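K.L.:
Now for the letters of each chain:
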Amino acid sequence: MTAMLVLDILLVLSLLSLATAALATNDARRSVILFMAFGLVLALAWGRLLAPDVALAEAAIGAGLSGALLLTAVRDQAHRALRSSRKPVHERGRANLRVTLEWTVTLLCIALAGLLAWALAQAFDRAPKDTLAQAVSANLAISGVSNPVTAVLLNFRAYDTLLELAVLLTAALGIFALGPARPGHRAAGPVFDGLARWLVPALILTAGYLLWVGAHAPGGAFQAGATLAAAAVVLRLAGRRSVGLPTGHTLHVAMVAGVSMFLAVGLGLLVLGRPFLGYPPAWAGGLILLIETAAMLAIAATLVLAFFGGRPTPAPGVAEKTS
Amino acid sequence: MAETLIWLIAMPMAGAVATLLLPRQSTPIACVTAVAASLVAGTLLYAVSEQGSLSYEIGGWSAGLGIALRADGLSALLLMMTALVMLASSVYAGTYFTKAAARARFWPLWLLLWTSLNALLLSGDLFNLYVTLELLGLSAVALASFGGKFAAVQAALRYLLLGLLGSMMFLAGVSLIYAGYGTLDLATLTLAVEPEPVAWTALALMSAGLLLKTALFPLHFWLPPAHASASAPVSAVLSALVVKVAFYLLVRLWMDVFADLVTPAAAGLLGVMGAAAILWGSWQALRTERLKLLAAWSTVAQLGYLFLFFPVLLALPPGPARDTAFGGLVILALTHGLAKAGLFLAIGIIQQRSGHDRINELNGTAQRLPATTFAIALAGVALIGLPPSGAFLGKWQLLAGSFASGQWLWILVTIAGSLLAAAYIFRVLGHAFGNQSYPRHSVTIAREEWPALILTTLAVAGLGLAGAPVWNLLESGA
Amino acid sequence: MLTAHWLYGISGCLLLALGLRTALLHDMLLQRLIGINVMGAGVFLVLITVAYRGPGIAPDPVLHALVLTGIVVAVSATALALALARRLTAEQDDG
Amino acid sequence: MIEVMASLLTVSGVGFYLAGSIGLLRLPDLYSRLHALTKADNLGLGLLIAGLALHTQDLLIALKLVLIWLAVLAASAASAHLIAQHARRRETQS
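Residue numbers (our numbering), protein chains in the order written: chain A, 1 to 323; chain B, 1001 to 1478; chain C, 2001 to 2095; chain D, 3001 to 3094.
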């Protein structure tokens, strides 16, 4: 018990100090790297709190892909975006105002943390309300899968997941509308190439495994999609231009695969006289796997697009710019 | 009948997918989707007026384990307003974006925004509301930056960051609710919630997030640049609908789910912020030099009126008196939505025809674009709150309620705000009706001008002269 | 109330406040964005802590699913923000 | 007996980790730090995994653990190379 307590305290302290360090520095690259480390420790915390599904997603998406996105943003100097609009403060009165503002906001934030912690403590002090968790386990047998988290994500609260895929699609379309992709990376040396050569197939294999295993153990479409996207990011970093991602119309198909498969299943069932997304228990497992496969493709396509930062350009003959 | 609820969400979403997959046919697909979704919204309105509130359990799972969609009179009316504004703006957007490639990129985002608006108005689950808020925020930002102009992208980025802050506050409140009550379903929560620290901390967090999204003074600073630098059909929808659905959610939480918690002091705070918004927003609208900024600042002010209703409603005894005043709030919100959308569309026409929207250089607009100028005048009638517009009925209820509860301050603010609104509207009209020395023949472009004209006419005549059904509907759908 | 609830719950609240402070006060976009992400991590930590019932007891799967959804939504928003920022700096450098 | 072996392996693995971390903090320049980190950590992880594999006494899990070790070996070798190459390039440029 005490060993666990020591681990808990270590975890919590490193979380807080990493977050503070990431936010206190003015160096953008340092901040991003510390944030990635924060994400990895957070994944450990999820594991400690018995949330392996979340730990997998955090490691892949929260630390990995977010980190890759933020790092390329630093490379593109995107962190300067809002800065120029603020003029440096010279006058004494303005500087005093700024200090007052900082203190007010800081005190308000501390008050907020205290209030939240106090209310949370009151909520914990009551008998835990397990009604929903019990309802999940009572209906797990007819949900089509045996991993309760997957059952919630793709059956009981599948509508949330449908809207979440719509959020991903919206982000991709928004990025699309802003213009073409940034120039690629220069070709890596033989060592990284060699790593990519076996890492990419291994990642694709892992993605397939995660998708399949999600039905009865931690894993699922989101973790699998993120792993697939990671494979593409590795290829891109190795200097491959289009990383096997389709361009033009086929890319659109990949991006909307998740939403359209969800809608097709939901509306199909509605037409057959069942509720929207009300799978018949006998088919539930198959339908969920179908939706998850499409969702994995959409997630991977969207995350890779986000990493590209725009529409991929189909002009492989042109020499690539290096930055 | 309950299936209409899911169709209202599935239809625009399917339209978004279809426009993306068939970019060449995207404009006809979008128009068909818009008409169909509006018909479904009309059907829902009729169904709610006949049968009272409706609900639909997605996947057949009971609410709690699953997610339920619900529609009562309030949400049905707002859904109808959303449909009208989106339909009219869709028709206008089809002519506004002249390049087919731009249209093909625009429609999917547009229809996703519509999906999120409908989903938010129908959702009966707190976490699902968080997801719809994010969908709404992201699609609104993507549309606000559409076209990629520097000012628009900059405003959109700030809009996105503040929207994300708001959503995170909302989510923090949601997690507290789940910790305390073990449910996310609004109907279950309404019965379970008690006036205790867990509930009011959660309500405070969620409200803070939503106030940021509704741009209530002093959290309004992101709104004018974002709304004024977007393209015209997008500005129309941002000002008329996007801030309004966040307000709807506040009303839902304060008047319905957490009604037992709301104290006069809290409602009074909202009222004071609303009063400040009215005065400051109207003043800024009067001072600005650009027509689009004027419309955006006017949105800040008009949202303020909606918040004045909070202390007034709370001071009235529950029952017919409060219900009548509540009808005034709804009709004011509906009128503002229709009128402001029409105003932005009309401004878009002027901006495209004359290449600018500087108020001082509007001379001759009435000669060149008579129908558009008329639409602006009609929108002005609604924004000032003159009879016979719906806003007159709304403000009348606000004044009557303040009078009955002896809250004189709100009466003064309302009168001052209306005078300021009259000043900024007449300033525009004065310039627009100013004669231009050299003659220009007038043009009328039906497909461009009709949407603005219809929306503003509905705001003035439709809601003003036929306001009674609104009260009936709110009653039957309660 | 378990010790783990105390420790992780309070850390979640602190992370939320820390992220919020940075998101409001920092004048560089990237740190603000990371601040919002840290804020999200705080909320997720609160949610996962609420789901935790103690060693050897199955935690609440509903909250785990909610956090999974939240992580994906957060990364979408981050990606859009970074794309907007990239566009802004590209134009600043051109003009 | 096996338990004792497993514990010994684990503890010595942790010892290598500690040495690597101290090296990271104390050594003067990037190359030697990289050297300390990758070598010590790879060996440390190997011992740790050997200890854990003995501890589980399940062939499938042990196999998975060894796979993890191989993946980390390849990744850390490649990334150490990349970092060193980058630093070298920068030096020759300036």
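Bear in mind the hints are in silico, worked out from the structure with no lab data behind them.
These numbers were taken from a predicted model, which means no experiment stands behind them.
For glycine and all other residues, C-beta sits at the position ideal for the given N, C-alpha and C.
Take these hints with a grain of salt, some might be off.
[Unchecked claim] Quick list of the computed label-pair ranges, beta carbon to beta carbon:
#1 A:Gly114 - B:Ser1053: 31 to 41 Å
#2 D:Arg3089 - A:Met4: 41 to 51 Å
#3 B:Pro1387 - A:Pro180: 47 to 57 Å
#4 C:Ile2057 - A:Pro201: 31 to 41 Å
#5 A:Arg30 - B:Arg1447: 54 to 64 Å
#6 D:Leu3059 - A:Gly194: 48 to 58 Å
#7 A:Gly194 - D:Val3066: 13 to 23 Å
#8 A:Gly114 - B:Ile1415: 35 to 45 Å
[To be verified] Derived contacts from chain C toward chain B, CB cut-off under 7 Å, selection only:
#9 Leu2047
#10 Pro2055
#11 Leu2066
[To be verified] To spell it out: a stretch of chain A is covered by chain C in this simulated footprint if at least three of its residues, at any positions, have a beta carbon under 8 Å from a beta carbon of chain C; those stretches are:
#12 6 to 19
#13 27 to 37
#14 61 to 69
#15 103 to 117
#16 273 to 286
K.L.:
Each hint needs a verdict: does it hold in this structure or not?
P.N.:
Quick rundown of the hints versus the structure:
no., hint, result
1, A:Gly114 - B:Ser1053: 31 to 41 Å, "holds (40 Å)"
2, D:Arg3089 - A:Met4: 41 to 51 Å, "holds (46 Å)"
3, B:Pro1387 - A:Pro180: 47 to 57 Å, "holds (54 Å)"
4, C:Ile2057 - A:Pro201: 31 to 41 Å, "holds (39 Å)"
5, A:Arg30 - B:Arg1447: 54 to 64 Å, "holds (55 Å)"
6, D:Leu3059 - A:Gly194: 48 to 58 Å, "violated (30 Å)"
7, A:Gly194 - D:Val3066: 13 to 23 Å, "holds (21 Å)"
8, A:Gly114 - B:Ile1415: 35 to 45 Å, "holds (42 Å)"
9, Leu2047, "holds (5 Å)"
10, Pro2055, "violated (20 Å)"
11, Leu2066, "holds (5 Å)"
12, 6 to 19, "holds (count 6)"
13, 27 to 37, "holds (count 4)"
14, 61 to 69, "holds (count 5)"
15, 103 to 117, "holds (count 9)"
16, 273 to 286, "violated (count 0)"
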